[in-house]
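These protein sequences, in sequence, are chains A and B. For the first sequence, counting from 1, position 75 maps to 74 in numbering that gives the first Met the number 0; every step adds exactly one. For the second sequence, counting from 1, position 235 maps to 234 in numbering that gives the first Met the number 0; every step adds exactly one.
Any given hint could be a false lead.
Claimed, not checked - Only pairs whose alpha carbons sit at most 27 Å apart, straight line, appear in this in silico DSS-like list of lysine-lysine:
no.: 1; chain 1: B; residue 1: Lys-334; chain 2: A; residue 2: Lys-494
no.: 2; chain 1: A; residue 1: Lys-189; chain 2: B; residue 2: Lys-84
no.: 3; chain 1: B; residue 1: Lys-205; chain 2: A; residue 2: Lys-501
no.: 4; chain 1: A; residue 1: Lys-189; chain 2: B; residue 2: Lys-154
no.: 5; chain 1: A; residue 1: Lys-501; chain 2: B; residue 2: Lys-334
no.: 6; chain 1: A; residue 1: Lys-494; chain 2: A; residue 2: Lys-444
Honestly, the hints are just simulated from the structure, not real lab data.
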Amino acid sequence: METITVSKEQLHDEARRLRYEESYNFLIDIVGMDYGDSLGAIYYLSPSQKPEQVVALKTSTTNREQPELFSVCDLWDSASVYEREVYDFFGIRFVNHPDMRRIFLRHDWKGFPLRKDYDADPAINPVPLESERIEDMERVPSITIKMGERVEETHQAFADGDYVVNFGPQHPAMHGVLHLRVSLDGEVIKKIDPVFGYIHRGIEKMCESYTYPQILHLTDRLDYLSGTMNRHAVCLCCEKALEVEVPERAHYIRTIFDELTRIASHLLGWGCMCMDMGSITAFVYGMRDREKIMDIFEESSGGRLMPAYATIGGLAQDIHPNFQKKVKEFIPYMRKMLKEHHLLFTGNPIARGRMEGIGHLSREKAIALGATGPSGRASGWHNDIRKVEPYAAYAKVNFEEVLRPGGLTFDRYIIRLDEIEQSLRIIEQLVDNIPAEGGYAAKTKAVIKLPEGDFFQRVENARGQFGVHITSRGDKTPYRVKFRSPCLTLVGALKAIAPDTKVADLIMLGASLDYVIPCIDR
Amino acid sequence: MFSFSTVTQWIDDLLRQGLCDELVLLVEFILIGFALLAAYAVFALVLIYMERRVCAFMQCRLGPNRVGPFGIFQTVADMVKILLKELIHINRADHFLFRLAAFLVIVASVGTFGALPFAKGLQAVDFNMGVFYLLAVSSLGVVGILLAGWSSNSKYTMIGAMRSGAQLISYELSCGLSLLAIVVLAGTMQLSEIVEMQADGWFIFKGHVPAVIAFVCYLIAGHAETNRGPFDLPEAESELTAGYHTEYSGIQFGFFYLAEYLNMFIIAAIAATIFLGWWMPLHVPGWEGFNGAMDYIPSAVWFLGKTFFCVFLQLWVRWSFPRLRIDQLLKLEWKILMPICLINILLMAIIVAL
Numbered sequence: 000m001e002t003i004t005v006s007k008e009q010l011h012d013e014a015r016r017l018r019y020e021e022s023y024n025f026l027i028d029i030v031g032m033d034y035g036d037s038l039g040a041i042y043y044l045s046p047s048q049k050p051e052q053v054v055a056l057k058t059s060t061t062n063r064e065q066p067e068l069f070s071v072c073d074l075w076d077s078a079s080v081y082e083r084e085v086y087d088f089f090g091i092r093f094v095n096h097p098d099m100r101r102i103f104l105r106h107d108w109k110g111f112p113l114r115k116d117y118d119a120d121p122a123i124n125p126v127p128l129e130s131e132r133i134e135d136m137e138r139v140p141s142i143t144i145k146m147g148e149r150v151e152e153t154h155q156a157f158a159d160g161d162y163v164v165n166f167g168p169q170h171p172a173m174h175g176v177l178h179l180r181v182s183l184d185g186e187v188i189k190k191i192d193p194v195f196g197y198i199h200r201g202i203e204k205m206c207e208s209y210t211y212p213q214i215l216h217l218t219d220r221l222d223y224l225s226g227t228m229n230r231h232a233v234c235l236c237c238e239k240a241l242e243v244e245v246p247e248r249a250h251y252i253r254t255i256f257d258e259l260t261r262i263a264s265h266l267l268g269w270g271c272m273c274m275d276m277g278s279i280t281a282f283v284y285g286m287r288d289r290e291k292i293m294d295i296f297e298e299s300s301g302g303r304l305m306p307a308y309a310t311i312g313g314l315a316q317d318i319h320p321n322f323q324k325k326v327k328e329f330i331p332y333m334r335k336m337l338k339e340h341h342l343l344f345t346g347n348p349i350a351r352g353r354m355e356g357i358g359h360l361s362r363e364k365a366i367a368l369g370a371t372g373p374s375g376r377a378s379g380w381h382n383d384i385r386k387v388e389p390y391a392a393y394a395k396v397n398f399e400e401v402l403r404p405g406g407l408t409f410d411r412y413i414i415r416l417d418e419i420e421q422s423l424r425i426i427e428q429l430v431d432n433i434p435a436e437g438g439y440a441a442k443t444k445a446v447i448k449l450p451e452g453d454f455f456q457r458v459e460n461a462r463g464q465f466g467v468h469i470t471s472r473g474d475k476t477p478y479r480v481k482f483r484s485p486c487l488t489l490v491g492a493l494k495a496i497a498p499d500t501k502v503a504d505l506i507m508l509g510a511s512l513d514y515v516i517p518c519i520d521r
Numbered sequence: 000m001f002s003f004s005t006v007t008q009w010i011d012d013l014l015r016q017g018l019c020d021e022l023v024l025l026v027e028f029i030l031i032g033f034a035l036l037a038a039y040a041v042f043a044l045v046l047i048y049m050e051r052r053v054c055a056f057m058q059c060r061l062g063p064n065r066v067g068p069f070g071i072f073q074t075v076a077d078m079v080k081i082l083l084k085e086l087i088h089i090n091r092a093d094h095f096l097f098r099l100a101a102f103l104v105i106v107a108s109v110g111t112f113g114a115l116p117f118a119k120g121l122q123a124v125d126f127n128m129g130v131f132y133l134l135a136v137s138s139l140g141v142v143g144i145l146l147a148g149w150s151s152n153s154k155y156t157m158i159g160a161m162r163s164g165a166q167l168i169s170y171e172l173s174c175g176l177s178l179l180a181i182v183v184l185a186g187t188m189q190l191s192e193i194v195e196m197q198a199d200g201w202f203i204f205k206g207h208v209p210a211v212i213a214f215v216c217y218l219i220a221g222h223a224e225t226n227r228g229p230f231d232l233p234e235a236e237s238e239l240t241a242g243y244h245t246e247y248s249g250i251q252f253g254f255f256y257l258a259e260y261l262n263m264f265i266i267a268a269i270a271a272t273i274f275l276g277w278w279m280p281l282h283v284p285g286w287e288g289f290n291g292a293m294d295y296i297p298s299a300v301w302f303l304g305k306t307f308f309c310v311f312l313q314l315w316v317r318w319s320f321p322r323l324r325i326d327q328l329l330k331l332e333w334k335i336l337m338p339i340c341l342i343n344i345l346l347m348a349i350i351v352a353l
């Protein structure tokens, strides 16, 4: 990976050059950093034409009291949420960013928790015991440079006369604790303001005091529906750093587990989307088929939702003797049930009427927003990490990366069912050929210490590109861990496509993007 | 065929032996009121149980199966629970209207229920404009729903109530127009006469194509009247949590819940009455033996059988289809159903004239 280091004054010019002259149009992630004497940020960029190419743009500022960087919101749409996150955790304010609110922590939180000199004393930030006015939380500060002059201002997120309805944090359609503040004109949506952080657990901060094998258990809790893949990403990242040779057997089994997880996740995503459109029966059907996968997981690993199966160097234990038989039984069963799902819902005229022509997300917009995964592929964006930089056993199997040019809700709906079929193909090719020799795990040291440096690894989880950035200083705990959440950008996509649709569509669009809240909040 | 009028006549005679006319009427009113309310509650319990079992069957589940044999006492237990629940006080709600709304909804539904005949001779009132009465009273419920949405002081309920207003008033048209087609055929609005005319064949068979069209239109529009999926926009649990009754709790919520199920029954009962010959057994002209055998089946069984068949149709639709969007819902009514119903009446008139 190429690394470019620039001073904070040159940051915006260099970013602009990369964006427009070298067409790095996909901002993968911004990683805030506390180097001790300075604060900084790492921008991971990739061009959509050559998705395997990644460049890290580094910058830093020595001002720890009033750190400021120039915003790159104008170059990449997805930067707006990432920069808010950096501000929230490191206190770096971004000039020309229109919305410099905290993103996960409370608006009145004191201190910036991922700084190394942060004081975690609970007396500084006591639990508030009184109900608060939401208007106070919606003051949006911003710093802009207008005609060479620095202007600091605040405005309200919503205008006075707006009819603002809360969707969440407790709401049947939110699949978790996301809070959408939605202003309506009758049934039509005017503006959405997502409020995050209700399930923020500070996982990245926790990682800094955990050893590497302990961190693995936190990854399952990010996006709990693709926990296996998230865990896989951290394992791959550590293995890359340690230069451990993982046995082929472990690679095969990990790949099968990943694909089974993907099927389970897509089934749930499909079911939830149907339920959000009012078809509860479809949801139960999805859950029923998902149960088979959970049973397979349980037999081999002991866990159902979170198998906790991959470890650094291989797997926690070998597969159960029944594993291959059960998986082979599952494949034809799932194919049969897919037909039933299409019969029940895809062909339904009401369902088609609801989905068609709504929620258009163009390819350019998807890239700018960083909406990866099935949602991006439904807009025709080739971004499947399994194809781009094949890991584990993906290079050894034939499968199609399903792309749809439409970018409409129906494309995002159908692409998940099509991906289930492709996942079945992958499993079919692997399950009979799991190598018997080599054992299921490589030997690693009792205390794992990563060598000094920055490590970055991407995998394709059920919702998109899941990235792990680890900065190590050679200790048994990492210096900084950052997870690239595919779901955070999907909420950004919702914000972009929902205006001018109806309330009923908002719920459906949210379900079609299929975000998982703990993955957003981390 | 056994007529329940012998029983009711016997009670009437018995009362008249000891009481003056006014008191007889009063006692009979009270008796009928109690009987209707009891029947209302029992039907609601049966319907809720039925819905749970049918829905479970469609979703590869078992449904309630622990309380009593086959779980039949589950709904009774739930009813006791809902009676004991706390009524939550809503801040800054309009409390008078808030309480009134729940009553209005249930009154509209009981009012319609009262006019239904449950078997031959078992009918509280036989109006000469029965069809008109059924339509008029059943549409009163929308007032209750609008009030509930308005008085709750909540945005979800407000949106739900507005949707409901648009939906119920629109679909009332198709409901009325499709029933009107049969009124044109029958030439009367009196329910008992409509039934008598179906002695030699139900209207759905006698009325040629227009009757079938009217039947289908009525089922769709009637289903929309009950606010159940795919027309459950006013409640739309995935969008508006519970729509117009989000803020209700305890037995006040129970009223909405009961009314919803009974409305389903009422719609099915009207469909059974007007199109499927009410309690009239299946008669085929010329097949004397068959007709005789059919007559041995009690009239109450015929009525309930037909009604629950229509209820089953509604459940089937409810648990298979996703929800419409508000603009699609109104388009379906104003651009598709209503024109069909209007043309259908014309067709029916031509057939009757010929």
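Status of each hint after checking the structure:
Pair hint B:Lys-334 plus A:Lys-494 does not hold up; C-alpha atoms about 33 Å apart against a cutoff of 27 Å. A distance of roughly 39 Å separates the Cα atoms of A:Lys-189 and B:Lys-84; the hinted pair therefore is violated under the 27 Å criterion. About 44 Å separates the Cα atoms of B:Lys-205 and A:Lys-501, which puts this hinted pair outside 27 Å; it is violated. Restraint check for A:Lys-189 and B:Lys-154: satisfied, since their Cα atoms lie roughly 16 Å apart, inside the 27 Å limit.
The straight-line distance between the Cα atoms of A:Lys-501 and B:Lys-334 is roughly 20 Å, inside the 27 Å bound, and the hint therefore holds. For a cut-off of 27 Å, the pair hint linking A:Lys-494 to A:Lys-444 is broken: about 46 Å separates their Cα positions.
This entry does not satisfy hints 1, 2, 3, 6, going by the numbered hints stated previously.
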